[in-house]
Amino acid sequence: MKVSRRTLLAGAATLAAAPTTVVKAAVSGPARVRTLNGRSLEWNWVGGVKEFHLIAEEMEHEFAPGCRARCWGYNGSTPGPTIEAVEGERVRILVTNRLPEPTTVHWHGLLLPNGMDGVGGLNQPHIQPGETWAYEFTLRQHGTCLYHPHADEMTQLAFGMMGFFIIHPRESQEPPVQRDYALLLHNWALHPGTYRPDPAVMTEFDLWTFNSKVFPATEPLLAAQGERVRLRVGNLSMHNHPIHLHGHRFVVTGSDGGRWPRTLWRPEITEIIGVGQVRELEFIADNPGDWALHCHMSHHTMNAMGHSLANPVGVKQGALEERMRQHLPGVMRMGESGMFEHNTHLGMGHVKGPENTLPMAMGQGPFGQIEMGGMFTLLKVRPRLVGDADPGWYDSASVPRAHKVQSTQPEPGAPVHNDHDHH
Amino acid sequence: MSNSCWRMGCAIATAFLFSGCAGLPLDQGRSNVHSMVQARAPMMPVAGAVPGEWFAQPLTLERAQQIALLGNPSLKARYAELGLSAADVFEAGRLQNPSLGLSWLLPTGGAEGSKVGASLMTSFADLLLRSSRQRIANLEYASQQEVIATAVLDVLADTGRAWFECVAANQRVAVRRSIAEAAQLAADLARQYRDAGNISDLELQVQRAEATQARIALHDAQLDLADARATLQKLLGISALRSAWAVPESLPDMPSSALPMADELAARAIEQRLDIASARGHVQALRVKHESTRRYRLLVDSRVGATLDREADGARRVGPSAEIALPVFQQGQGAVARVEAELAAAMAKLEELEISAQAELARQVSRRELAREQVQAYREGLIPEREAVVARLTEQANYMLVDSFAVLMARQQEYDAYAGYVDAQLKFWNAHVELQRAMGSLRGLEESR
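Same order as they appear, the protein sequences are chains R and C. Each number in my numbering corresponds to the 1-based position in the first sequence with 40 added. Each number in my numbering corresponds to the 1-based position in the second sequence with 771 added.
Some hints here could point you the wrong way.
[What the hints assert, rightly or not] Simulated restraints on C-beta separations:
1. C:E1144 / R:T234: 53 to 63 angstroms
2. C:Q1147 / R:R236: 57 to 67 angstroms
3. R:R108 / C:S971: 35 to 45 angstroms
[Said to hold, decoys possible] For the chain C half of the interface with chain R, some residues (derived, Cβ under 7 angstroms), not all of them:
4. D959
5. N969
6. V1178
[Said to hold, decoys possible] According to the in silico footprint, chain R covers these stretches of chain C (three or more CB under 8 angstroms from chain R):
7. 946-956
8. 1105-1114
In short, the hints are calculated from the structure, not lab data. For each residue, glycine too, the CB sits at the ideal point set by N, CA and C.
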C-alpha cells in the first residue's frame, strides 16, 4: 500500500479545500465497467476503507459538438464518475460541495445506516457550500445502484447531478461477462439559444440523453462476436423509457435490488426502465453488424423541435414562393412531403439554426443520413476486435442486404388492392 | 394785377406744390419686402412665373417653397394690401388741397358796380403737422411691409409643414402596404394549410381577419396621403387640374448639428422676427402721433390763406387771412386721449407678442430635442432589435421550432417599427419648421454661437 499524504491524515473527517481534479492513486483497480462517454471514480485504501472523493460542482458540458451548457455534476462531469466497489467492502465517500447552494448525496438502492442515507433535513443537515462531509458504510449487497442529491432535487437533478454506484458480487457470476456497460438515462430542458438547462420544466424536454450525451456523440457499445455483454441501464429522468436493441434478444437479469435468480430472467427485445429504476440486460453478441440501440419513444430520439407549429405536411406553398422570399427572407420552405428533406438540409449544414442548438435529427451513416438524435447509440459487433478502438462502419458487402428490385411491371409483385376501394 | 401780387401768388402756389413731393412708390415697398424675405430665406426667387420643368422631378422642400412664393394665392392678396399703406403714405406726403373761395357780388338796391372776391385757404394744422404725418405714414408703411414679409415667411413655414406631412404620408403608405402584404401572405398561406386539411377554419378566419385589418389601415394611410397632397397643392397655388407632381419617397436625414443655447436663440428671435419689428414700428408711429397731437391740440381746426378783393371801382385789396379756432369748450383732450389709448394698446400687444414668441421658441426647442431622441431610439434601438427578432425566429423556423406564421408576425412588428420611425421623424421636422417660424427666419438655426 502506497503511503500518501492522505493515509497520514486518515481519520480526519474533513479536508481543507481539495483540488478539483483528484490525484489518481496507484491502488485504484482497473474499472470493470465501461461507463460510456465517462469513467469510474478513483479510490484509495485508507485504513482498510475504500475511500472515494466526490466534488459537487458546476461545469461546462457538451451534449454534442455545437451544443454545450452550464451544468452541475461531480468531479468535472455529468453524470458523475461511476463508483465501483465489491460487496462486503467498507467504503468512505468524501463529498466536497463547490456548488453555490447546499447539497447532500443519497445512495439510491443501498442498504445502509439511516444517518448515511443522505436525505437532507431528514437524515442529516445539508452540506453547505465549501464544506466536505464523509459518508461511510459497509456494503452488504451487490447490484447496480445510483447516487444523486437529495437537496433541491428540482434544480440539482435537472442540472445533471447523478451517477452509478456499482457493487460487484464477492464471487464471480455465471455466466461470465466479457463486456460490461453502464448507461444513465436523463432529460434536459435546454431551450434553443440558451446555455443553461431550465429546472422549472417537468414534462416538455428538449434533450434526451444516454450518459448526458445525444447521438451522434453517444459512444457505441463494442463486442466481438460470441462475447457476452451486460448493459446496466439506470433512469433518473422524468419519464419511463422502453430501451430497444436491434438484432439481438437480451435477458433482463437484475436491477438495483441485485441479480435475479435465473428463473426470473426475462427474454426481451424492449425493456421499459421506469423512473428511478435500474435494469441489468445481458446478451450474446452473436450477430455481426452495426445495430441500433435506443429508446423506442420516437421523440426521445430527436433533439429539440417545436410542438405547436402548424403542420406543413401536404401544404402546397409553391405559388407563394416569391412573396415568401420578400417577407420571409432566409426561411426555407420545408416539410411539404414530410421531414426527410428538412433533415437532409440540416444534416448537410445548409441551414443556420439558433445558436447552441442541435438539429432535430443528425448523423451520417455509410448509406446516408441516419436522422437520429437523443437516446440513440450503436452496438458494433465484429468477428474480431482490436482493443477498444472503434472499428468504423460495418462492411456489409459480403452479407445479404436489402436491394432495389428491377421490374418492367409498374407494380412489382402485383399487390392486391381491397376491392371496396375501387367502385 | 400787379406783378408783386402774381409773384406772391406764384410763390405760394409753388411752395404748396413742391412741399408735397416726398411720396414713396409702391414698387419700393415691394422690393423692401423682398429683401427682408431674402435675408431670412436665402435662395428664394423674387418674382416670375413657375417654370414647368420644376414639376418634372420630385419636389424638394426648397423647390416647393419657391413655388409657393411665386404662386400662393393668399400672398398675392397680401401684396395687394401693400397698396393701401402706400396710398396712405402718398397722401401723408401731400398737403391737403387748399380751397378756393369765389364771390361775385352784384348790386341790388342802390349800390353801383359789382364786387369780385377770391380767397385761397388751407388748414393751418395741415401745414404744422405735415412733417410728423409723413413720419407716421412712413413708419406705418414700413410696419406694414414687415407684416407682409411675416405673412410670406408664414407661407414658407406652412409650405414646409405641408411638404413634410406629404413626404411622411407617402412613406407611411409604403410601410402600411408592406404590412398589408405580409398579413395577406399569412392569410394566403393559411388558405393553403386549410386546403391540405392541416388547420381549422377558425385558424384560417383569424388570419384572414388580420389581413383585412391591415388592408383597412392601408386605406387610412392612403386617405391621409390624399389630404396631405391637397393641402400642399393649395399652398403651392397649383391648379387642381395639374396632378402630375410628386414629393420624395422618404424624409431627409436629421441635421446633426446641435442648436445654440436657448438664451441666444431668444435674443436672436426678438431681434429678427418681423412681426415684432412691425409691432415696434407701429408703437413708434403712435408715439410720433401722440407727440404731435399733444403739441398742436389747440390749433387743429385753424385755417390760413390769402384773400383778394376787387371793388366795383376797380380797387383791389389782397392780403393774408386766418381763421383761428378758439379752444373754449374743449382743448383737444379727446384727440389726445384717443391717441394715448391707441398707444397703450399697441404697447401691450408688443409685449404680448414678445412673450408669446419666447414661449413658442422654448416649446419648439424642447419638442425638437425630444423628437430627435425618439428618432435615435428608433434608429439605434427598436428597428435593429425588431430585425434581430426576425433573424432569430428565422433560425428557429429553419429548425422546425416555430412556423412561418410566427415569423410573419414578427416581420409585421418590424414594419410597425418603421411606421413609428416615420412618425418620430415627422415630429422632429414639424418642430424644426415651427422653430424656424418662431425664430422669424429660415436660416441661422445651425449657425452657431
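Do the hints match the structure? See the list:
1. Here the CB-CB span from C:E1144 to R:T234 is close to 33 angstroms, at odds with the stated 53 to 63 angstroms.
2. Hint check: C:Q1147 to R:R236, Cβ distance near 34 angstroms, so the stated range 57 to 67 angstroms is violated.
3. At roughly 40 angstroms, the beta-carbon separation of R:R108 and C:S971 lies within the given 35 to 45 angstroms, and the hint holds.
4. A least Cβ separation of about 6 angstroms between C:D959 and chain R falls short of the 7 angstroms threshold, and the interface hint therefore holds.
5. The restraint placing C:N969 at the interface with chain R holds, with a minimum CB-CB distance near 4 angstroms, inside the 7 angstroms limit.
6. At about 6 angstroms, the closest approach between the beta carbon of C:V1178 and any beta carbon in chain R falls short of 7 angstroms, and the interface hint on this residue holds.
7. Beta-carbon proximity to chain R at under 8 angstroms applies to 4 residues in the stretch 946-956 of chain C; the threshold of 3 is reached and the given coverage holds.
8. Under the rule that three or more residues need a Cβ within less than 8 angstroms of chain R, the assignment of the stretch 1105-1114 of chain C is violated, with 0 such residues.
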